[in-house]
Every structure is written in C-alpha cells, then in structure tokens.
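Those sequence lines, one after another, are chains E and U.
For the first sequence, counting from 1, position 43 maps to 43 in my numbering; every step adds exactly one.
For the second sequence, counting from 1, position 66 maps to 1066 in my numbering; every step adds exactly one.
Any given hint could be a false lead.
To be verified - Sample of chain E residues at the chain U side, in silico, Cβ under 8 Å:
#: 1; residue: 12
#: 2; residue: 13
#: 3; residue: 17
#: 4; residue: 20
#: 5; residue: 43
#: 6; residue: 44
#: 7; residue: 46
#: 8; residue: 49
#: 9; residue: 98
#: 10; residue: 101
#: 11; residue: 102
#: 12; residue: 104
As the list claims (entries may be wrong) - Cross-link-like lysine to aspartate or glutamate pairs, in silico, EDC-like; alpha carbons within 20 Å at most:
#: 13; chain 1: U; residue 1: 1057; chain 2: U; residue 2: 1079
#: 14; chain 1: E; residue 1: 59; chain 2: U; residue 2: 1099
#: 15; chain 1: E; residue 1: 63; chain 2: U; residue 2: 1099
#: 16; chain 1: E; residue 1: 3; chain 2: U; residue 2: 1038
#: 17; chain 1: E; residue 1: 3; chain 2: U; residue 2: 1079
Stated by the list, open to error - Cβ pair distances, simulated, as ranges:
#: 18; chain 1: U; residue 1: 1027; chain 2: E; residue 2: 18; range: 31 to 37 Å
#: 19; chain 1: E; residue 1: 2; chain 2: U; residue 2: 1082; range: 24 to 30 Å
#: 20; chain 1: E; residue 1: 82; chain 2: U; residue 2: 1054; range: 42 to 48 Å
#: 21; chain 1: E; residue 1: 61; chain 2: U; residue 2: 1050; range: 32 to 38 Å
#: 22; chain 1: U; residue 1: 1026; chain 2: E; residue 2: 82; range: 45 to 51 Å
#: 23; chain 1: U; residue 1: 1040; chain 2: E; residue 2: 12; range: 19 to 25 Å
Keep in mind the hints are simulated off the structure, nothing from the lab.
Beta carbons are placed, not taken as given, at the ideal position from N, Cα and C, and that holds for glycine.
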Amino acid sequence: SQKIEQNSEALNIQEGKTATLTCNYTNYSPAYLQWYRQDPGRGPVFLLLIRENEKEKRKERLKVTFDTTLKQSLFHITASQPADSATYLCALSNTGNQFYFGTGTSLTVIP
Amino acid sequence: DAGITQSPRYKITETGRQVTLMCHQTWSHSYMFWYRQDLGHGLRLIYYSAAADITDKGEVPDGYVVSRSKTENFPLTLESATRSQTSVYFCASSDFSGDTQYFGPGTRLTVL
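Pulled out of the complex, with its shape left as it was, chain E reads as follows:
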C-alpha cells in the first residue's frame, strides 16, 4: 500500500527565514498533490495543488515543487511569520477525488 512520510514531526525556524517541508511517498504514482494547513482544533484548509506534469507552483509566499522521479514534494514558506505556525499536511491522489494524507509537520515560527 502507499506510504506517505512528512519530514520530522516538528520544525522550528526564526521569523523571516524560509521554511521547507518535505513530503515523500512510496508505492504510489500520484497525479495530484495538495498541501493543507491545519490549526489546532480546526479542519484542514487547502493551500495549493500541483499536478504531475507541473514541476513548481507558487502562491504569494508559498512555493511547491513536485518531483515524480524522487517521489517527493517540497513546500516552502518564504519570509516566514509567527502567523504561519501550524501543522502542514500533504495529500496525494491519482484520481483527483480520493486523496491519501501524510501525518503532517508541525511548524513553529519563532519571533
């Protein structure tokens, strides 16, 4: 079965730095990869979707890459702010409507 791993349970960075989160997968060939943000006690909120034929996607301070050879996606937050502190989830699908989620990476941005 597919396995999705997100880097280290918790990531702490200084305000203003770039945060880089990793999503690795095995036994799967997703056509779609999504990133979500989840705050404590709330449901996930969609951030970005990238398709297998797209290498990179950007939205404001966010950048996502998708390397189907390495079976990895990187999620970058540039000029990080304390308000970016949250758990970030990656989700993969090969159908576009049934996604498998990673366990998430908790990000803390230190002022």
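We have chain E; now place chain U onto it with these hints.
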C-alpha cells in the same frame, strides 16, 4: 450561512451504541468525504460520495455506514460504536474537479 458544517461538534457515547455524525454543505458540491484523524495516522478516508446515491469505500470503512439521499447531506453512522472509533471526524466536500477539498470543523467522538 454558506459552507460546510458538522454536528455535533463533540459526542461521548458508550460501546455498542449507534451514533450518527451529520455533515451539511451549501455549495452543491458533487463530492463529499468522511475522514478520521488520529495521532500517528493522519487523516484517513472512511467513505466518499461522488453524487447523491453514489458512495464508495475509502481506506478504513469497517464499522461505518454512509448514505447520501440529498446532495447537501452526507451522514456517517457508527452502527455499534467501539473504543477504537474514538477519533476526530472530518467531513469535506469538493466540486467535480477535485482540485480543492473544503473541510468542516470536525466532530470529536469519544467512545467509552
């Protein structure tokens, strides 16, 4: 108000009881999903529905029943609750493209 809502937000029940979690969306989205979220497992898909009267199993469907008689509603029933079903349950919806899933606020269920 527009959006996706879940009820109840918190529920405590006993082993063996039947429990129904409600989900309602106002966007007329085609797809609706039920996930459970547990420490160490992340979000796991229980059931999903592509349209009214069309449902399909996800990763962890055992012990759960769903129905979708109306596009906007997608209730999840635990026919005989077990302690292992203690979890946070999230409902989500998306349009036919599946590009974006919109999640509800979640229901925290405790089975004693």
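Okay, the hints, checked on the actual structure:
Interface hint status for residue 12 of chain E: violated, as the beta-carbon distance to the closest one in chain U is roughly 20 Å, over 8 Å. Annotation: interface hint on residue 13 of chain E violated; nearest CB of chain U at approximately 22 Å, more than 8 Å. A distance limit of 8 Å between C-beta atoms decides the matter here; for residue 17 of chain E the minimum to chain U is near 26 Å, and the interface restraint is violated. Given hint, residue 20 of chain E at the interface with chain U, is violated; its Cβ is 20 Å from that chain's nearest Cβ, farther than 8 Å.
At its closest, the beta carbon of residue 43 of chain E sits 3 Å from a beta carbon of chain U; the interface hint therefore holds under the 8 Å criterion. Contact between residue 44 of chain E and chain U, as hinted, is supported at the beta carbon level, the nearest pair being about 5 Å apart and thus within 8 Å. Interface restraint check: residue 46 of chain E against chain U, minimum CB-CB distance 5 Å, threshold 8 Å, status holds. Of the supplied interface hints, the one on residue 49 of chain E holds, with its beta-carbon coming within about 5 Å of a beta-carbon of chain U, less than 8 Å.
Annotation: interface hint on residue 98 of chain E holds; nearest CB of chain U at approximately 6 Å, less than 8 Å. Of the supplied interface hints, the one on residue 101 of chain E holds, with its beta-carbon coming within about 4 Å of a beta-carbon of chain U, less than 8 Å. For residue 102 of chain E, the interface hint holds, since its Cβ comes within 8 Å of a Cβ in chain U; the closest pair sits about 6 Å apart. Interface hint at residue 104 of chain E: satisfied, since its Cβ lies 6 Å from the closest Cβ of chain U, which is below the 8 Å cut-off.
Straight-line distance between C-alpha atoms of residue 1057 of chain U and residue 1079 of chain U comes to about 16 Å, which keeps the hinted pair within the 20 Å bound. At roughly 15 Å between alpha-carbon atoms, residue 59 of chain E and residue 1099 of chain U fall within 20 Å of each other, so this suggested pair holds. Between residue 63 of chain E and residue 1099 of chain U the CA atoms are separated by roughly 17 Å; this keeps the pair inside 20 Å, and the hint holds. A distance of roughly 16 Å separates the Cα atoms of residue 3 of chain E and residue 1038 of chain U; the hinted pair therefore holds under the 20 Å criterion.
Annotation: proposed proximity of residue 3 of chain E to residue 1079 of chain U is violated, straight-line Cα distance about 30 Å (limit 20 Å). About 35 Å separates the C-beta atoms of residue 1027 of chain U and residue 18 of chain E, a value consistent with the hinted range of 31 to 37 Å. Separation of residue 2 of chain E from residue 1082 of chain U is about 26 Å and conforms to the stated range, judged on CB atoms against 24 to 30 Å. Checking the proposed 42 to 48 Å range against residue 82 of chain E and residue 1054 of chain U shows it holds: the Cβ atoms sit about 44 Å from each other.
For the pair residue 61 of chain E and residue 1050 of chain U, the supplied restraint of 32 to 38 Å holds, since their beta-carbon distance comes to about 35 Å. Take residue 1026 of chain U and residue 82 of chain E: their Cβ atoms lie about 33 Å apart, and the range 45 to 51 Å is violated. Between residue 1040 of chain U and residue 12 of chain E the CB atoms are about 21 Å apart, so this pair conforms to the stated range of 19 to 25 Å.
Violated hints for the displayed structure, listed by number in ascending order: 1, 2, 3, 4, 17, 22.
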